[in-house]
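These are the residues of each chain, in order.
Protein chains: 2
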Amino acid sequence: MERITIIDIAKMCGVGVTTVSRAINNHPDISEDTKAMVMKVIKENHYVPNNSARNLKRSASKTIAVLIKGITNPFFNHMIKVFEQEIQRKKYSFILQRVDENQDEIEVAIELEKEKRLKGIVFLGGYFSHSKEKLSQLTVPFVLSTIGMTSEFDLNDYSSVSVDDFKESYKMTDYLINQGHAKIALITASMDDASIGKLRYEGYKKALEDHGLAINEQLIWAMKEDIESYTMENGYTVTKELLESQEEFTAIFAISDNLAVGACKAIFEAGKRVPEDYSVAGFDGLDISFYYNPSLTTIRQPVVEIAEETIKILFDLIHKKITHAHKVFPADLVVRESTKSIL
Amino acid sequence: MERITIIDIAKMCGVGVTTVSRAINNHPDISEDTKAMVMKVIKENHYVPNNSARNLKRSASKTIAVLIKGITNPFFNHMIKVFEQEIQRKKYSFILQRVDENQDEIEVAIELEKEKRLKGIVFLGGYFSHSKEKLSQLTVPFVLSTIGMTSEFDLNDYSSVSVDDFKESYKMTDYLINQGHAKIALITASMDDASIGKLRYEGYKKALEDHGLAINEQLIWAMKEDIESYTMENGYTVTKELLESQEEFTAIFAISDNLAVGACKAIFEAGKRVPEDYSVAGFDGLDISFYYNPSLTTIRQPVVEIAEETIKILFDLIHKKITHAHKVFPADLVVRESTKSIL
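The listed protein sequences correspond, in order, to chains G and H.
When you number the first sequence by full-length UniProt numbering, it's gap-free, plus one each residue, and the end is 343.
When you number the second sequence by full-length UniProt numbering, it's gap-free, plus one each residue, and the end is 343.
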């Protein structure tokens, strides 16, 4: 078979070569219908575009990068899909860039900016402790999405979308206390982690204080540093130690659903039941919190709304409609089978 | 503070500028210790390398791309980590590229080859139905990892690492039959999907035949096409319909653990128990299969070994030690709480 050219494709489609090129390169000036038709003909005829030309076009195209810390965290699954949809709807292309736990996301972003001529960046997950000077090296608009921020940041220096981790953690702890639980174990991040873990820990503490309950440091457990953070295995290992510590408690609040699942497993293995012997609560509202047995009481983050708002703010920044924005979404306390009143 | 230069960093480290540059650019000719020391000093002093120079170096560096279909599938989590470790150990850099369900991975790969001057490619997940002509457009070595292959492929045209999906599915079905189950519902991929779903379906069918059991088409259920495939939600929705169909069965074999979790939830909601009323078996050996309640009987794929072997074969191809290789790993039947004998 002779090699098919772009001219052949244009003829088959009854359109010009420019239109075919626009379809291939995801150019904004082509209708969705025409593009779909062209791509169908391309696919059916196994046409392979000339790549050098294509890359030239592409590198000049408009690209948004999403930099993600903790790509294996199921919390981000739905968000990634929304990002992709919203970015494509704006006729931009989308790059998903994984950032390692120990990697500097600003460094990665600066490099990507150059390589890909980015128009905007979303930082997703992890926590942020970069200086104003460092941030100012980013030359394109960016939004921090579901990232824990340390308080020394000037709100004018960046944009963000998230829930109020302090307040939502307070809400869950307050709920457990109102169910009669006074001895609530907390599974959280290590104390030198200035992240959502810290904010959720502070919310827990404040709720206990407001109810006049003492903080028992023996009930505050950090995730294991030698096990991947926010995993079922980490919650399981920590809870096994908690149970062995002989410290009394009636409830566990784990700052993620995955940790809560691991906690339940450790309780089952100790021959105890959830919630009859111990109430267990999570955070995030992952799918597994619904499908687990017992289903988990949790704080459900509005992930789709957070993702949509992130992109909306990013494009407002790109189009210079705003200089910065901070949006905080409320999350829902979802009461399910894993917690019970002991009053 | 005056801007720190690469010369300052070199002085602080007591090494030459070239060494600092090598540390930054992940060059092979530098010891791990020196590199770690240099990177520590760079981090402590908030030094930002000159990016243009750095990018030039980088684009000439040796890069492996991993193209993944179904990035949100927890099955790939462990594999991604192994890929990263092994590729870094070889002093190559690593790009993780997400491919959409409907995207043509060969197209994506061809584009990446040019942009990044790749040295090798791993295709992870999904299924492969590209022609020999299409495959031959890839100019660098590649390995298909845990990908279902249709039979019309010539083994000389590619390399692959996976389990034997047919055989492992047979193993699970055979086990269930030996526990006294004759009416085994199957939750699998749609029949026009020439993927692992098809292979696992064939294994199920063969096991029934070998035991002289009739195939009841009413017990074979495809995942819903309007719900993301291989999710808990899909298994849940299908099982609800299965239960409502009034078709008799004593066990469900779901071709992934996520589907099996959803199946359990649907059974619980119908007021039934696992395994007392229905046995439920999964496939993959995901973390959740251990942490779920009841823990799930499953086929555990040796994901770490598969990932390691994938990289080993890829580098053998790169170094022209081999022209192609196919490695099939055995998987383990792991019997847990979710299945029981009804003999």
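Simulated from the structure, these hints should not be mistaken for laboratory data.
Errors might be hidden in some of the hints.
Any copy, or any two copies together, can satisfy a pair, since identical chains are not distinguished.
Said to hold, decoys possible - The list that follows gives simulated cross-link-like pairs (lysine-lysine, DSS-like), each with its CA atoms no further than 27 Å apart:
#, residue 1, residue 2
1, 321, 340
2, 114, 43
3, 340, 69
4, 116, 81
5, 69, 116
6, 206, 167
7, 35, 205
8, 272, 116
Against the structure, the hints:
Taking CA atoms no more than 27 Å apart as the test, residue 321 paired with residue 340 passes in neither setting, with 48 Å inside one copy and 63 Å between copies. In this homomeric assembly, residue 114 and residue 43 come within 27 Å of each other (Cα to Cα) only across copies, at 21 Å, whereas the closest approach inside a single copy is 32 Å. For a Cα distance limit of 27 Å, the shortest separation of residue 340 from residue 69 qualifies neither inside one copy, at 35 Å, nor across copies, at 41 Å. Both within a single protomer and between protomers do residue 116 and residue 81 lie at most 27 Å apart by alpha-carbon distance, with minima of 21 Å and 25 Å respectively.
Taking the shortest Cα distances, residue 69 and residue 116 sit within 27 Å of each other both inside one copy (20 Å) and across copies (22 Å). For a Cα distance limit of 27 Å, the shortest separation of residue 206 from residue 167 inside one copy, 9 Å, qualifies, whereas the shortest one across copies, 56 Å, does not. Neither within a single protomer nor between protomers do residue 35 and residue 205 lie at most 27 Å apart by alpha-carbon distance, with minima of 55 Å and 42 Å respectively. In the homo-oligomer, the alpha carbons of residue 272 and residue 116 never lie at most 27 Å apart, since the shortest distance is 54 Å inside one protomer and 54 Å across protomers.
In this structure, the hints that do not hold are numbers 1, 3, 7, 8, in rising order.
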